[in-house]
Structure formats: C-alpha cells, structure tokens
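Okay, here's what each chain looks like letter by letter:
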Amino acid sequence: MARIIGGLGSPHAPSIGTATDKDQEQSPEWKPLFDGYAPIRQWLDVQKPDLILMIYNDHANTFFFDKYPTFAISVAAEHEIADEGWGKRPLEPIPGNPQIAWQLAHSLVDQEFDMAVCQEMPLDHGCLTPMSCFFPPAKRWDVPLIPICVNVLQPPIPTAMRCFKLGQAIRKAVEAMPQDLRIVIAGTGGLTHQLGGERYGHTNTEWDQKILDLMETDPLALANMTHQELMERGGAEGVEIIMWLVMRGALSPKVDCIHRNYYLPMVTGFAQVIYEEPDNRRRNSGDAA
Amino acid sequence: MSKEHPWEDGGEILAIQSRQIDYTKPLPGTYLTTGIRAQRGYRLGKFCMTLMAPDNRELFKADAEKYMRDFGLTDYEKELVRSKNWNRMLRYGVNTFMILKLSNAMGVSQNHTGAGMRNQSYEDFMATRNSKGAQ
Chain A
1 MARIIGGLGS
11 PHAPSIGTAT
21 DKDQEQSPEW
31 KPLFDGYAPI
41 RQWLDVQKPD
51 LILMIYNDHA
61 NTFFFDKYPT
71 FAISVAAEHE
81 IADEGWGKRP
91 LEPIPGNPQI
101 AWQLAHSLVD
111 QEFDMAVCQE
121 MPLDHGCLTP
131 MSCFFPPAKR
141 WDVPLIPICV
151 NVLQPPIPTA
161 MRCFKLGQAI
171 RKAVEAMPQD
181 LRIVIAGTGG
191 LTHQLGGERY
201 GHTNTEWDQK
211 ILDLMETDPL
221 ALANMTHQEL
231 MERGGAEGVE
241 IIMWLVMRGA
251 LSPKVDCIHR
261 NYYLPMVTGF
271 AQVIYEEPDN
281 RRRNSGDAA
Chain B
1001 MSKEHPWEDG
1011 GEILAIQSRQ
1021 IDYTKPLPGT
1031 YLTTGIRAQR
1041 GYRLGKFCMT
1051 LMAPDNRELF
1061 KADAEKYMRD
1071 FGLTDYEKEL
1081 VRSKNWNRML
1091 RYGVNTFMIL
1101 KLSNAMGVSQ
1111 NHTGAGMRNQ
1121 SYEDFMATRN
1131 SKGAQ
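Chains A and B supply the protein sequences, listed in that same order.
Each residue of the first sequence is one higher than the one before, counting from 1 in this note's numbering.
Each residue of the second sequence is one higher than the one before, counting from 1001 in this note's numbering.
Bear in mind the hints are in silico, worked out from the structure with no lab data behind them.
All values derive from a computational prediction rather than experimental measurement.
Any given hint might turn out to be false.
With beta-carbon atoms standing in for the labels, derived distance ranges [what the hints assert, rightly or not]:
#	chain 1	residue 1	chain 2	residue 2	range
1	A	168	B	1024	53 to 61 Å
2	B	1083	A	254	28 to 36 Å
3	B	1119	A	48	37 to 45 Å
4	B	1055	A	102	34 to 42 Å
Footprint (simulated), chain B over chain A, 3 or more residues, beta carbon under 8 Å [said to hold, decoys possible]:
#	segment
5	33-41
6	196-205
Ideal Cβ positions, reconstructed from N, Cα and C, are used throughout, including at glycine.
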C-alpha cells in the first residue's frame, strides 16, 4: 500500500526563491536559512519519495476572487510557473501525478472534504519556494508533485481544526491506495508575519518557538485555536500555520522530529522541520521489516 | 476622513458574525479582505491582477492614466493608485497580494510598501530588522 513516510515544514516567502535564483544561498544573510534545508535535501536523497504532497496557498496567481476555493487539488500532469507580476522564475514546469491526484480527490470528497479539482494550476511562490529549496538544480524535478491549495487570503478561511482533519483524511486516502508509494507531505508558509497595514512587519519569535513545540507534540492545541488568536499572536499572515496543520494531521500522533531550524531575518519567522513517521524510522535503522 | 468614504479612517466594522474572527474588535493596523470590504475593492483588485501579464505591465508603465481609464477604474480608484497609499487600498478592500503586483509595476519594493504602511521611512523601518540583506 501507499504510505506517508514523513512530513516537512517550510517557509514559502518569494524572497527565498529569489535568493536561490541569484545564487545567494551561501551569502551571510541567507546561509542561516539555507543551512536549514541541507538536512531536508539529504533526507529526501536517502528516502527517495515517489511523490510530494505540497500544502500551500496561492497568492492571487492561480485564483482570483471571482472564484476562490477553500480547498483545491491539482490533477494536472504538469504545472506551469506563474508570472506573479514581476516575471517567471527560471524553473521548468513541475510534473504532477494525475492518476494519484484523481484518486486522492475522490477519496477526499468521499470523506466529505469537498475539494475544487483543478486541471490547470500554475504555481506561485507558495509552492515554488519550498520545491526549489527541497530540490537543488540537479534534482529538479525528480519527484512529482500534487499541490493542494488552502484559502488563507479571503475569509472565511477554513478553521485550524478543519485543516488538521483534512490531513487525517489525506492519510486515510493514501493508506487506501494499493500502489506501493512512499509519499512525503509538506506544510508551507509562516511562521509569524504580517504583510499589510500599519502592523506590517509584526513577528513573534516566542510564539514561533511555541508553534514548533506544539506542532510536534500537541498539534490539537494549535488546531483548537481561532484565527483571531493566531492572528493576534502571529500577524494576519501568521494564520498560514493552518497549512502546517494539514501536514501534521496526516502524520502519526507521535512523530520523530529529526530536524528543526529557525531564522528570522526580515519580516517572517522562517522555520523548517522534518517529522519522520516512527515506523519509517525503524525501517531505516533495520529494526523492523 | 470623508463621509463619502467612511472606510478611510481605518475603523470600519464589518457586519460579519464569525466564531473564528471577532469583526467587532478588528486587530489594529489590519484590514482583512472579506465581506463588503472585499466587494468594494473587487474591481481595483481585478485591475491589479491584469499586471501579471508582461504586455500589460509595459502598457501601464508607459501610460498609467490611459491604462486606468481603459480598464474603467472610477475616479476614486484612480486617485488611490496615484497616491501609492497602500493602506488606503487595503481599507478600500484590495488584498495585500494584489497590491504587491501594482506596487511592483510602480517600481516600489515590498519592504518599501511595508515602510509606507507603517508610516515610517524605509531606513527607519529597516533599522528595526535583524538582517537587511535577506529580502
């Protein structure tokens, strides 16, 4: 059967993608962030997943407010690079997996998560930044991607608990698939930041660290919070951690946090994590078949 | 603040009941794109979206007034664009990520919009940051 072998957490700020494209990953300002991707790249190299499920939000590039889905899944065979208003990033289109994506869409709707199903989903920084950080140039694009979009732009946005439950439904859907697939799920965005209004630049390192503690050990405490509470602490865009909760919901109650990094250079608390599934960990170390 | 545009003072209370967000007590300095606000800002947001096309960006940069007229912005909306006052656009109902397409086409970086929204000079804003190079 298919299974989820682990979860990744990553920021998705466009400036990170620009740093990659300008070969600034090792500059003094960016090194503390990209050092946090080294263990993720290494882990992906070893694990060789068959598929990435990327939980992200579009930033008014694939979707406009004429129609704005709460949850959307791409069944596209290939994903174009979006021009967000300042030119496309120099990246090749990223392959999808229509067969698995359609199966996933069916399973999720069967479980009463009514996804908008998209045959075209040009990708913006919400998805491209983590992808280009997970996979350096030589590895692009060895692993196909199924992007799953969450509305965090135009309230009403889904509750934190709903997002956690979506993750649980994704896990059920994956485990019902007969194919022998090793799947990684990634939650993106955050952590604390605000990009509009007089409160622009609001960050909260103490809360960022608490988010990372709770995400690992007590995600329901986060899932039970309201958007108001998340925004008060973490800024309006700090609510993006609900996408990490989708990832966390797809994992076992107890995970092995084998990597955690934090860096706050400018206006966003950037965090990366690797949560490995305990049974995958045992397989790695040869303790179990 | 004008009576004609009562949202301009930033104190607008959206008539929405939600378990998730208390719209009677808006977060200071925060303008969520929803409800009547999102409705009001829809056309200007749509205008910003046109700037995703490189040809349109060129047309806008070459003659912003003509571009705004051809799109059919109202006089108030044109004035908002000219003002480069991003908070006014947020209060009107344009989403942050749409505004960034406009500000970029007007040659203003994200952190310059941020400094402006905080009513600070760019230098004063940058002095509050940990690492100026990572942007």
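Checked hints:
1. 168/A <-> 1024/B: 53 to 61 Å: violated, 33 Å
2. 1083/B <-> 254/A: 28 to 36 Å: violated, 54 Å
3. 1119/B <-> 48/A: 37 to 45 Å: Since the Cβ atoms of residue 1119/B and residue 48/A sit about 51 Å apart, the hinted range of 37 to 45 Å is violated.
4. 1055/B <-> 102/A: 34 to 42 Å: holds, 35 Å
5. 33-41: Check failed, 1 qualifying residues.
6. 196-205: holds (count 6)
In summary, the structure is inconsistent with hints 1, 2, 3, 5 from the numbered list given earlier, while agreeing with the others.
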